Amino acid sequence: MIRIGAHMPIGGGFKRVPKETIEIGGNAFQIFPHNPRQWKAGFPKEDDVLEFRNRIKKYNIETDSMLSHSGYLINIASPKEDNWKKSLDLLIKEMEICSILGIKYLNIHPGSHLGAGEDKGIKKIVKALNIALESEKNTFILLENVAQKGGNIGYKIEHLKFIIDKVKQPERLGITIDTCHAWDAGYDIVNKLDEFLDKIDKLIGLEKLKFIHLNDSKNELGSNKDRHENIGKGVIGEEGLRKFLTHEIILTKPWILETPGDNEIHKQDISKVKEIIGVI
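In this text, residue positions in the sequence shown follow this note's numbering: the first is 1, and each later residue adds one.
Each hint should be verified, as a subset may be incorrect.
Listed below are the simulated DSSO-like cross-link pairs for lysine-lysine, each with C-alpha atoms no more than 30 Å apart in a straight line [to be verified]:
hint, residue 1, residue 2
1, Lys85, Lys225
2, Lys272, Lys120
3, Lys19, Lys58
4, Lys80, Lys168
5, Lys218, Lys272
6, Lys210, Lys58
7, Lys225, Lys192
No lab work stands behind these hints, which were simulated from the structure alone. Note that the structure is predicted; figures quoted are calculated from it, not measured.
Required output: the full structure, derived from the provided sequences and hints.
Laid out in structure tokens, this is it:
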């Protein structure tokens, strides 16, 4: 059975997420642990946490099918010390929220070096992760691949390897592969998928690939634009996604949609994915 879902809204409480996940045809989900556009993050209310956890059990959503996504403001690669410290503090708070909710994995973008250079950016990331992983003991961090723009670190699989190799607790790190980001960064995940997966396996290990962010792309291969599109409506397209999704390795990973639109649109996208791979 495939594991599929979407990024879900949390307005009104986390407790809404499990039921709405099932309603859109999913059995996996991703959420923000707080308002992603704010530095301030509060802990969830006790009754909300209890109901969220109860509904996770009620709807049989597996631990390895739940993902939290870090807020937009965090940049642990920043050369600006004040911004780096604020980012680190918020990252630790997010990890604590994940632990309270019972969500094992927190997905982060490695960050931008803002012109300071990739080596310096990676060192800042490693420093932050070492502190965060020592501070909060339960949450696993997943590094997401990104498109090459704005000083981003993580557009090459090698970047993710360097970070994992340098942290003191590599066993608590994994990766998420975003199909749109990989495509826009120049990885042909359609015609050279085996080559792409072999690269991940040799550099990091496929066992560390925990989630797929399943998005079509508005742009051509190697565009470095990072603009998600709904399933089958982008340049990767239905046939390209079919080749990707039916690979024996990809079929074993949970797929999280971050396509444009609300729950109703995500329901249509999930239905389209199932149609593409022939599970309906």
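Status of each hint after checking the structure:
no.	hint	verdict
1	Lys85 / Lys225	holds (28 Å)
2	Lys272 / Lys120	violated (42 Å)
3	Lys19 / Lys58	holds (9 Å)
4	Lys80 / Lys168	holds (23 Å)
5	Lys218 / Lys272	holds (17 Å)
6	Lys210 / Lys58	holds (24 Å)
7	Lys225 / Lys192	holds (20 Å)
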